[in-house]
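*Asks:* Construct the entire structure; sequences and hints are all you get.
Number of protein chains: 2
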Amino acid sequence: MATNGLNGTAQGAVNGDSKPATHRFNPHFTQAVINATGPKASPRVRQVTSSLIQHLHDFARENEITVDEWMAGLELINEAGRMSTDRRNEGQLVCDVLGFESLVDEITYKLASDATDEPTSTAILGPFWRVDAPKFQMGECIVSGIESKGDRTWMHGKVTDFRTGEPIEGVCLDVWHTAPNGLYEQQDPDQPDMNLRGRFTTGKDGKYNFYCLRPVPYPIPFDGPAGKILQALDRHPFRPAHIHFIISAPGYKPIVTQIFDRNSKYIEDDAVFAVKDSLLVDFIPITSDPKADFELPYDFRLATFEDAAKR
Amino acid sequence: MATNGLNGTAQGAVNGDSKPATHRFNPHFTQAVINATGPKASPRVRQVTSSLIQHLHDFARENEITVDEWMAGLELINEAGRMSTDRRNEGQLVCDVLGFESLVDEITYKLASDATDEPTSTAILGPFWRVDAPKFQMGECIVSGIESKGDRTWMHGKVTDFRTGEPIEGVCLDVWHTAPNGLYEQQDPDQPDMNLRGRFTTGKDGKYNFYCLRPVPYPIPFDGPAGKILQALDRHPFRPAHIHFIISAPGYKPIVTQIFDRNSKYIEDDAVFAVKDSLLVDFIPITSDPKADFELPYDFRLATFEDAAKR
Chain A
31 MATNGLNGTA QGAVNGDSKP ATHRFNPHFT QAVINATGPK ASPRVRQVTS SLIQHLHDFA
91 RENEITVDEW MAGLELINEA GRMSTDRRNE GQLVCDVLGF ESLVDEITYK LASDATDEPT
151 STAILGPFWR VDAPKFQMGE CIVSGIESKG DRTWMHGKVT DFRTGEPIEG VCLDVWHTAP
211 NGLYEQQDPD QPDMNLRGRF TTGKDGKYNF YCLRPVPYPI PFDGPAGKIL QALDRHPFRP
271 AHIHFIISAP GYKPIVTQIF DRNSKYIEDD AVFAVKDSLL VDFIPITSDP KADFELPYDF
331 RLATFEDAAK R
Chain B
31 MATNGLNGTA QGAVNGDSKP ATHRFNPHFT QAVINATGPK ASPRVRQVTS SLIQHLHDFA
91 RENEITVDEW MAGLELINEA GRMSTDRRNE GQLVCDVLGF ESLVDEITYK LASDATDEPT
151 STAILGPFWR VDAPKFQMGE CIVSGIESKG DRTWMHGKVT DFRTGEPIEG VCLDVWHTAP
211 NGLYEQQDPD QPDMNLRGRF TTGKDGKYNF YCLRPVPYPI PFDGPAGKIL QALDRHPFRP
271 AHIHFIISAP GYKPIVTQIF DRNSKYIEDD AVFAVKDSLL VDFIPITSDP KADFELPYDF
331 RLATFEDAAK R
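Protein sequence lines, in the order shown, are assigned to chains A and B.
Residues 31 to 341 (the numbering used here) are what the first sequence spells out, left to right.
Residues 31 to 341 (the numbering used here) are what the second sequence spells out, left to right.
If you're looking for bench data, these hints aren't it; they were derived computationally from the structure.
Certain hints may be false.
Identical copies look the same in the list; a pair holds intra-copy or inter-copy alike.
Unchecked claim - Dumping the calculated DSSO-like pairs for lysine-lysine here, alpha-carbon to alpha-carbon at most 27 Å:
| no. | residue 1 | residue 2 |
| --- | --- | --- |
| 1 | LYS321 | LYS237 |
| 2 | LYS321 | LYS340 |
| 3 | LYS295 | LYS70 |
| 4 | LYS283 | LYS188 |
| 5 | LYS258 | LYS70 |
| 6 | LYS165 | LYS70 |
| 7 | LYS70 | LYS234 |
| 8 | LYS258 | LYS237 |
| 9 | LYS234 | LYS188 |
| 10 | LYS188 | LYS70 |
| 11 | LYS165 | LYS295 |
| 12 | LYS321 | LYS188 |
*Replies:* Next comes the structure, spelled out in structure tokens:
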């Protein structure tokens, strides 16, 4: 009687597979699990799940994962789920420290961008974005209730169509960053609600400017499974100083990105692997503006949905 | 400036890799994530995590997983964690429907068993075992408070040392199975506590016998992420009829296993892929015992810790 593939013995192992240890286990099992997928599964679900099963099983065989090791990993994953709420996504953080969010971010945007003249690069959203950040006028300051002498920054630039170079009107720049103590406002009871967040809308010239702070490196939350993984891997939890953006405009494909202080500690070993060269920026010391210690020029380039679909 | 590997472009793609689509993405990224592991990580953690990162990243690239797809999968995993309690392990169930628990079970026991004359095969524990099942004398019945005409079963056999063939004294057989309605007692408010569970201890002759029921197929819980996965894969949630055992004795390596009714529906397509040929059993109709409709003979073989370690 054929049971679902679990009864084959190792002598039938696949030839030509150079990976050690794979041969010791039933070579028919994984295909039997994949073959259980029914005819009504969508082609994409079938493809993705079959590949996931193959990789997970290969991972288990190549490393001879034991029941005890699996149970330990499973408990980490269950615990991540239990910690996840509207305010914290621990499962996402686990993916982030394994580089998975940065990778799918690259894949998602690369799928629509193989040209040399590219829109602004993307970076991961991270877990600290909030909907409905306050709206400001150009030239206003997103800092409230914090003594910030020494790191006040005037950021300015232009948003253009990546193909035509023309300025884009009606762009919403949604910006957020950490306070000098390394905490986002929702992590910190001492900060006013929505501190260091804001939304700005461009006029006909596509230009923007506002006041913020020069951000600092900070540790991702490491009191949960992601922290346990970092500790087991002998890794630090720090991210280099950065400012988050979602840039969107009518008719244009929105981008989620971060810009990174080129001189920040951890710029070469971001705990979540989000840094890209094209997103490195320079905070330039200035004395000409009594409201700012640094100037930060940066331009963004968007692609129309039409252009994005063509690329 | 070298940032953690995310800035390479695809022209440096690895040669000789025949997988499609892999080349489109930064070929240095995965190694950069693996290289982040620090010098104090244990060799086993380093090996397992490096391999997991490689497989997860290959999976993402080969299938061009998008941010939206990743977020959908992540939510399933977070939801599984949120549903997991002392009474239900949904993360385990997700692993089970992907064949992962059966695979690590095979690996774990295969690691200590390459001989031809083997101890009894193992099978997954599943989520329904409970500690402290009631202790019975040989010949007693684990059925309480259920009208069970037609499927009353007398199970009996012997537990021996797999190498010497000698009977083992002091073996604890911990047994549990479903009621005729397909539910374990902790899932069913109408069953008495600890119904259809029991522990039996062998004497000098290594023999055991007790009365139970002939089990029926039943669906694994499918109201959570595991059920969503089964539905997306167009698969049924049923397991073939089986009886669970943990067999342990002083000085012997305990085994977790299940025996399966050879004539049960779903014997060829168990939703969690646990069936093995050596665990198929026959319920033999009998008329000689007024307390039983079927007889079920089955012998178990254990290996001493010493023998298990040698194999």
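*Asks:* Run every hint past the structure and note whether it holds.
*Replies:* Hint by hint, here is what the structure shows:
{"no.": "1", "hint": "LYS321 to LYS237", "result": "within (20 Å within a copy, 88 Å between copies)"}
{"no.": "2", "hint": "LYS321 to LYS340", "result": "neither (44 Å within a copy, 75 Å between copies)"}
{"no.": "3", "hint": "LYS295 to LYS70", "result": "between (51 Å within a copy, 21 Å between copies)"}
{"no.": "4", "hint": "LYS283 to LYS188", "result": "within (17 Å within a copy, 70 Å between copies)"}
{"no.": "5", "hint": "LYS258 to LYS70", "result": "between (40 Å within a copy, 14 Å between copies)"}
{"no.": "6", "hint": "LYS165 to LYS70", "result": "neither (47 Å within a copy, 47 Å between copies)"}
{"no.": "7", "hint": "LYS70 to LYS234", "result": "neither (51 Å within a copy, 55 Å between copies)"}
{"no.": "8", "hint": "LYS258 to LYS237", "result": "neither (44 Å within a copy, 47 Å between copies)"}
{"no.": "9", "hint": "LYS234 to LYS188", "result": "within (11 Å within a copy, 87 Å between copies)"}
{"no.": "10", "hint": "LYS188 to LYS70", "result": "neither (49 Å within a copy, 46 Å between copies)"}
{"no.": "11", "hint": "LYS165 to LYS295", "result": "neither (31 Å within a copy, 63 Å between copies)"}
{"no.": "12", "hint": "LYS321 to LYS188", "result": "within (21 Å within a copy, 87 Å between copies)"}
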